[in-house]
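> One-letter residues, chain by chain:
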Amino acid sequence: MGKKRVPAVEGMFTMDHSSPALIGGRSTVSGSYYFPKDLGGNDPEAVSDRNREEVTLSNKGKVWSYTSADYPPALPYVITEEPFRPFVIAAVELEKESMVICGQMMPGIEISDMQVGMEVQVALDVLYEDDESQYFVWKWEPLRRDN
Amino acid sequence: MGVGEVAILGAGMHPWGKFVGKSFIDLGVHAANEALKDANVEWGEIQFVSGANTVRNGYPGWVSGSTFANALGFQGAQLASSYAACASGVTALSIARAQILSGVCEVALVVGADQVPKGMFAPVPGDRPHDVDWLRFRLLGLSNPAYFGLFARRRMALHGDTEEDFAAVKVKNSLHGSKNPNARFTKTFTVEDVEASPVVADPLRLLEICTTSDGGAAIVVSSIDYAKKKGIKDPVRVTGISTVGPTYPNSIIDMPYLASDSWSVSGDASHTFKNQIAQHAYAEANISPKDLDFAEVYDLSSAYELDWYEHIGLCEPGMARNLLHNGDTAIGGRIPVNPSGGLGAFGEAIPAQAIAQVCELTWQLRGEAGERQVDDASVGMSINYGMFGHGSSVIARR
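Those protein sequence lines, which keep their order, are chains A and B. By our numbering, the letter at position 6 of the first sequence is numbered 8, and the numbering carries on one by one without gaps. By our numbering, the letter at position 188 of the second sequence is numbered 181, and the numbering carries on one by one without gaps.
For reference, chain A alone in the conformation it holds in the complex:
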């Protein structure tokens, strides 16, 4: 039996491994988008939860900016490898939603591979694991042309 594959935090992304997407909110009053659904800045014209529907956000976007974590982040980030392996972070602009969302780039992507404006898509990767489960998180990866 393999380990259970579970999201590291519920309700922020789908676990559809072939075509994952982030789960956000959309105001049924103003049409504005939110990520995470209930934890971003709030539109004062549409603050009530009952006016906010859950939506999957565009799973593709363009890199707005990027950076790297060359030193290990503090807890509660779980360091899974010693020595620490630096990773790349991207802030990605989604066109339809007109917003920018952060995520790590998939392992293997180097800072020299990155460019502002490059097209990326949502991917899933294991953030950490224990004896029973693998805990997944969304990351970004360069857009695959085959889809």
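It should be emphasised that the hints constitute simulated quantities derived from the structure, not laboratory data. Misleading hints may appear alongside valid ones.
[To be verified] Residues of chain B placed beyond 10 Å of chain A at every Cβ, according to the derived structure:
id, residue
1, G14
2, H23
3, I88
4, E99
5, R177
6, N268
7, S281
8, L316
9, I324
10, M380
[Stated by the list, open to error] If you anchor each label on the Cβ, the simulated ranges turn out as follows:
id, chain 1, residue 1, chain 2, residue 2, range
11, B, G14, A, K98, 54 to 62 Å
12, A, K98, B, G311, 23 to 31 Å
13, A, D115, B, L94, 27 to 35 Å
14, B, S371, A, G110, 53 to 61 Å
15, A, G110, B, G112, 54 to 62 Å
16, A, D115, B, E361, 48 to 56 Å
17, B, S371, A, T58, 24 to 32 Å
18, B, K111, A, D133, 32 to 40 Å
19, A, P85, B, T155, 27 to 35 Å
20, A, T58, B, T155, 33 to 41 Å
21, A, V8, B, G112, 26 to 34 Å
22, A, K98, B, G112, 35 to 43 Å
23, A, E55, B, P310, 48 to 56 Å
Glycine residues also receive a C-beta, built at the ideal position from the N, C-alpha and C atoms.
Assemble chain B onto chain A, guided by the hints.
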């Protein structure tokens, strides 16, 4: 707009550094006594103590007004304790100003101090999946320098800024800081020194990212009448304070958020909270950026200082590097920025930092800044951003 003015009678600091064995209370009391001495005000005269809290020193840090009043000797003054992340000091000042202008008190002490473990700031412990500050660390490993790196790379892509431009900010501020006895780092650096330090958050290097420091800062503020009673005819005056929150939608991902707001409805991708902070302060003081003689801005990174030039209206977006390379923002230039040396020379002592900025405004406006004095300084601004959306800015004049 135009609001009433209060006088800054005195400013005091405990030098910044790492002080193992001292507590934040020691640092705050030292700063408070320095400010009282500078103001020629006795502790017994203080009618209101406005403390800026530290969240890394247990309960005494969460009730800092009471903690500092107790350490100085309980004498019955009214108390307040404020936390607004990096904006805590100005939140504490804004309450003191309101008390003074409403006649509740005539003279107040504003004080903040911090003592923190070495290394990057981490969120409060515990499992909190409904806290974006917890989520950004847990899921993304998004530490504070990562935001600075994102802003810096964005400048490079949008405006053609270079890593050398960013290093030049550090060089300038290290020169300023070398002339400040309260600064933690007084060594001067070259662009080559900066470029030889390791990358922390691409494109930013270790020497370009503000460290965490211990320190304490305090000011004594009063009504203008009280200043006159003390024989001070021409005190430094606080003419504007900004403690605004964002107007939705903020198009920039500010700490600790995982995403920007959506501008799908407003259609305005250029609206940013950090522009609003300065605009409110200007409106209160009834001045515009061209009236400033100098500014103290929150250079959490070298590149971030350039963002602030634009957020406070010293130049159009993208033009900050021209100001820097013209020498405009160095001491002796047209509009010196961070004559104190800024966070690059101090590191950050969260609840004390915004008060320390106001200390620098005070000394500059009095012409008492020694080797780092800005010529003919008569109007100055300090500004920072408190995590989650607390604006913080002060305009003072002589």
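> Please list, smallest to largest, the hint numbers that this structure does not respect.
13, 15, 17, 23
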